[in-house]
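Each chain is listed here by its residues.
2 protein chains.
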Amino acid sequence: MGNIKVETKILTKNEQKAKYLRMLFKENNILVLNFLSSPGSGKTSLLESILPILKEKYNVGVIEGDLATENDAERIRKIGVTCYQINTHGACHLESSGIEKALSSFSLKELNILIIENVGNLVCPAEFDLGEDYKIALISTTEGEDKPIKYPTVIRNSSALIINKTDLIPVLDFDVEKCKAYARGINSSLEIFETSCKTKSGIDNVINWIEEKYYEKTGLCRS
Amino acid sequence: MGNIKVETKILTKNEQKAKYLRMLFKENNILVLNFLSSPGSGKTSLLESILPILKEKYNVGVIEGDLATENDAERIRKIGVTCYQINTHGACHLESSGIEKALSSFSLKELNILIIENVGNLVCPAEFDLGEDYKIALISTTEGEDKPIKYPTVIRNSSALIINKTDLIPVLDFDVEKCKAYARGINSSLEIFETSCKTKSGIDNVINWIEEKYYEKTGLCRS
Chain G
1 MGNIKVETKI
11 LTKNEQKAKY
21 LRMLFKENNI
31 LVLNFLSSPG
41 SGKTSLLESI
51 LPILKEKYNV
61 GVIEGDLATE
71 NDAERIRKIG
81 VTCYQINTHG
91 ACHLESSGIE
101 KALSSFSLKE
111 LNILIIENVG
121 NLVCPAEFDL
131 GEDYKIALIS
141 TTEGEDKPIK
151 YPTVIRNSSA
161 LIINKTDLIP
171 VLDFDVEKCK
181 AYARGINSSL
191 EIFETSCKTK
201 SGIDNVINWI
211 EEKYYEKTGL
221 CRS
Chain W
1 MGNIKVETKI
11 LTKNEQKAKY
21 LRMLFKENNI
31 LVLNFLSSPG
41 SGKTSLLESI
51 LPILKEKYNV
61 GVIEGDLATE
71 NDAERIRKIG
81 VTCYQINTHG
91 ACHLESSGIE
101 KALSSFSLKE
111 LNILIIENVG
121 NLVCPAEFDL
131 GEDYKIALIS
141 TTEGEDKPIK
151 YPTVIRNSSA
161 LIINKTDLIP
171 VLDFDVEKCK
181 AYARGINSSL
191 EIFETSCKTK
201 SGIDNVINWI
211 EEKYYEKTGL
221 CRS
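Quick mapping for you: the protein sequence lines, in order, are chains G and W. Our numbering puts the first residue of the first sequence at 1, with every later residue one more than the last. Our numbering puts the first residue of the second sequence at 1, with every later residue one more than the last.
Bound conformation, chain G alone (with noise of 0.2 Å):
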């Protein structure tokens, strides 16, 4: 007779506390955002696109994350949508501990939608579960059509891909299909948007998958 393997898991705090985080999200039936780039791709732009059309239709609260300044929670409340600043002091991604105290300035009861702007750095907050729904990556096209391909485990790790500042693509060397095709060999299953935060081309496309995601989880009918 064989033996039988059993194998468990062990969480990590940050694992755990994220894992209670998904409950209380879904008990109070909130979408969770986790959105990740390098510095500069356009995270708080595409936030300041969003937002005023979301708010329309949900109640939203963001939790900006940055190593200093409440520059981009400044720029979200601007918009009327209610805003925590976690300032990390160096340390270079969110951890699910500092999603719970944030929560505090939110009343979940009311919450349909919670966006999380991390930390500016496509490495490290790619590893750190928050108890998010989906975690979205921006790419800018200055950037480069190699960094999906450079940066893998974002990608991996990503439910969509956002490809920024198309607006400049006829000033730069920057092959759109190639970038996707990279994202795509490294996960197959990866939506990808195409969107300029000057223009507001696309940025519908990312509205409209934000709200199906929204009405999934839910369960609710979309009116």
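Source of the hints: derived by calculation from the structure; they are not laboratory data. A hint or two may mislead.
Pairs count within a copy or across copies, as identical chains cannot be separated in the list.
Result set (DSS-like, lysine-lysine): computed pairs, CA atoms no more than 27 Å apart in a straight line [to be verified]:
| hint | residue 1 | residue 2 |
| --- | --- | --- |
| 1 | Lys178 | Lys78 |
| 2 | Lys19 | Lys178 |
| 3 | Lys26 | Lys109 |
| 4 | Lys109 | Lys57 |
| 5 | Lys217 | Lys17 |
Let chain G serve as the given structure and place chain W on it in line with the hints.
Only chain W this time, still in chain G's reference frame:
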């Protein structure tokens, strides 16, 4: 009579190795530069601009740090410069032990300038000493002028800041003077360069600075 407090700094394993490397570089009269930036700010493009000129007068070597791929090393080798590629397989920064290992690819007796291109990450690499003489940070104009205050550690620990992709300024909302003021507010002795690898504007200033630092370190006469 007062007490005399004796403080001994306990060096980490990385710092110990970096100290040893610094001695080794000094003994062999090698100037060592550690380039840091976000993914896609143009570190490799900058090296492609400066190496063809530097290699005419100096024996130059390059160590490339990336999570994955040999792409950058291949770009450097095309110029005819010896390049060692370190793949960190997910790790977010280079460490001095990796540099020591890479050195077997170079003849230290013959080398004049060693350039390290760190992993694309504006956060973690700033904290790790590789035995270099100078850390040089790059920010691209597409990332926004607030990056120095949002990523203060890298600015504080660097000797020079290169504001790259200046050719794109006409199509961006990027305030160069504001960016410089932010950077100097964190590190008043920072040397700041403005470059475009496309038009080659400002590249000569960077090369001149590197040459100055080489002669300063070696005590040799600049011909």
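Outcome of the hint check:
no.	hint	verdict
1	Lys178 with Lys78	between (37 Å within a copy, 22 Å between copies)
2	Lys19 with Lys178	neither (36 Å within a copy, 43 Å between copies)
3	Lys26 with Lys109	within (11 Å within a copy, 63 Å between copies)
4	Lys109 with Lys57	within (16 Å within a copy, 68 Å between copies)
5	Lys217 with Lys17	within (21 Å within a copy, 51 Å between copies)
In this structure, the one hint that does not hold is number 2.
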